[in-house]
Amino acid sequence: MDNQIEFKNVAFSYDNEQGKRDIIKDFNLSIKRGSFTVILGHNGSGKSTVAKLMNGLYKPTNSDGTVLVDGIDTKDEKNEIEIRRKVGLVFQNPDNQLVASIVEEDVAFGPENLGFAPEKTRERVDEALKAVDMYEFRKSTPHHLSGGQKQRVAIAGIIAMKPECLILDEPTAMLDPKGRAEVIRIIEKLNRENGITVVLITHFMEEAQSADRVVLLSAGEIIRDGTPKEIFSDIKTLKAVGLDVPQTTELLYELKENGIDINTDAISVEETAALISAALHLEEK
Amino acid sequence: MLKDITFGQYYEGKSLIHRMDPRAKIVLLIIDMVFLFLTKNIYSLIVPAVQIFLILAVSKVPAKMFLKNIKTILPIIIFTTIINLFYGSGGTVLLSFWHFTVTTAGVWRSVYMASRIILLILISSVLTYTTTPNDITDAIESLLSFLKIFGLKTAVHMLAMMMTIALRFIPTLVEETEKIMSAQKARGADLEKGKLFERIKALIPILIPLLISSVRRAYELAEAMECRCYNGGVGRVRMKQLKYSLVDLYAAIINTAFCGGVILLNILL
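Quick mapping for you: the protein sequence lines, in order, are chains X and F.
The numbering of the first sequence is this note's numbering, which starts it at 1 and goes up by one.
The numbering of the second sequence is this note's numbering, which starts it at 1 and goes up by one.
Keep in mind the hints are simulated off the structure, nothing from the lab.
Do not rely on the hints blindly, as some may be mistaken.
Pairs of lysine-lysine residues, derived as DSSO-like cross-links and limited to a Cα-Cα distance of at most 27 Å, are as follows [said to hold, decoys possible]: (1) K14(F) - K139(X); (2) K193(F) - K20(X); (3) K130(X) - K240(F); (4) K148(F) - K139(X); (5) K60(F) - K120(X); (6) K78(X) - K153(F); (7) K240(F) - K162(X); (8) K139(X) - K243(F); (9) K148(F) - K240(F).
Footprint (simulated), chain F over chain X, 3 or more residues, beta carbon under 8 Å [as the list claims (entries may be wrong)]: (10) 80–86; (11) 117–129; (12) 221–231; (13) 258–267.
Source: prediction; values computed, not measured.
All residues carry an ideal CB built from backbone N, CA and C; glycine is no exception.
Assemble the whole structure, with the sequences as input and the hints as a guide.
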């Protein structure tokens, strides 16, 4: 079983006064164990729905659609706790995820619910806080922390349950650039060092740089699926779905459009600089 | 002020009173309050007065913090003092005008009443100064857990969870209220001027957005709690377990001695 999460023909729709509204339809996706996947999509692309389907918070609304977590069907109520232990979900607004007014007590909330002995919970809490570099703030209170710090506490609250997979639904959308960098660094570290499968849902393309795989979502459908380089070089599609293209990619794209022979698959600033200087040397010759 | 409710009035320290178990503090506080009201006259009031001032000294909380608390209820103290001046019967008449007479008994009575209120405020401030609101919440949950024999286990858990969440969200909501107020002011809302009724009406554009955002927050929090395997507190084991120590035992013994003193003086005098 190599797949951590598997979507099979999943549909999800809301029923309201205006009638039925499909959010996603015929959705198929598998997430490999230990991988770092970024799901990119604009507002209303259905990306939050996909996140909530992954840990059974939402269930497929069609009868033949299934979401499997480690081969376990999320539709079955009795698997609920097991699935939530395996798949942790972190939301956008850190303020609305923290339950207790002392950092370490908040991180303890998950393990406490699982009924662990106090010593074991203590151990998990310390471990989780160290993993997100927030151990020194354990006695602090959330509203004295910055947005990035609060979001790291929220992540600690999830990893204290030792999930195999961490889903983050726009974890950086409400943060300043510094907070965003902190959170992304922690997420990358958890994936690399702790081997946690990460699914990062975002509309910031910059955050997809170090991913193994990028899935581009628009109007509830997967329109592209590939490595960051493959996706990033397809600027037309990215712009068509309303995403902000990173400045570096945009620059390379504009250069190419204006007749300069240049590769457009660079992601980082350094790579871009190298490509431009190479192209300039070529021109000189 | 409200923003710092997490630590409430908590004054950090390591005194014996700080180190007591919050449950012991609450129980002893209730007993002491009862005994404060059991005192029959100003003489038997001396016992709890000595006890309370001893506790204040041991707690090592600066005196000016207690004075601050007394100051806030000063109007009530003055009011009780004046009313009680006219209620005494017996003793020599000190002053007499129209229908009112002030006697020496009345003076003693109002001194007694006022000191009782002051002592009551002092002893209850010791609890809030030496215990964090979180500890008080945990203690209440633990103290009420006897209710589970009446099948109220989930009710007790719910009450404690509600208090925890309230403590957590009050600063967030205060911040939000400030933001909404600024936003409405920027749109020309006038919150400071006008008659009382107009000012109440001006609050509506603040309360409605606050209410809506609170409901949304509640919904998101509920989902986040579900993601962390919360299922209504069934099988939940707290990380922080309250433990009684020797300090609590000594406190209980000393407390009982003082209570005995009150009874003794009530009988003798």
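Quick check: the region 117–129 of chain X, covered by chain F? Criterion 3+ residues, Cβ under 8 Å. Coverage by chain F holds here, the residue count being 5 at a Cβ distance below 8 Å.
Straight-line alpha-carbon gap K193(F) to K20(X), limit 27 Å: violated (49 Å)
Does the alpha-carbon distance linking K240(F) and K162(X) stay inside the 27 Å limit? Given pair K240(F), K162(X) holds - Cα atoms ~20 Å apart, limit 27 Å.
Given pair status - K153(F), K78(X), alpha carbons within 27 Å: The hint holds at about 23 Å.
Given the hint that K130(X) pairs with K240(F), test it: the Cα-Cα distance must not exceed 27 Å. It holds: about 19 Å lies between the C-alpha atoms, which stays within 27 Å.
Stated coverage of the region 258–267 of chain X by chain F [criterion: 3+ residues, CB within 8 Å]: violated (count 0)
For a C-alpha distance cap of 27 Å, please report whether K148(F) and K139(X) respect it. violated (31 Å)
Checking C-beta pairs, does the region 221–231 of chain X have three or more residues closer than 8 Å to chain F? It is violated, with 0 qualifying residues against the three required.
Is K60(F) close enough to K120(X), meaning Cα to Cα at most 27 Å? violated (35 Å)
Between K148(F) and K240(F), does the CA-CA distance stay at or below 27 Å? holds (20 Å)
Taken at face value, is the distance from the CA of K243(F) to the CA of K139(X) at most 27 Å? holds (19 Å)
Between K14(F) and K139(X), is the straight-line Cα distance small enough, at 27 Å or below? holds (16 Å)
This entry does not satisfy hints 2, 4, 5, 12, 13, going by the numbered hints stated previously.
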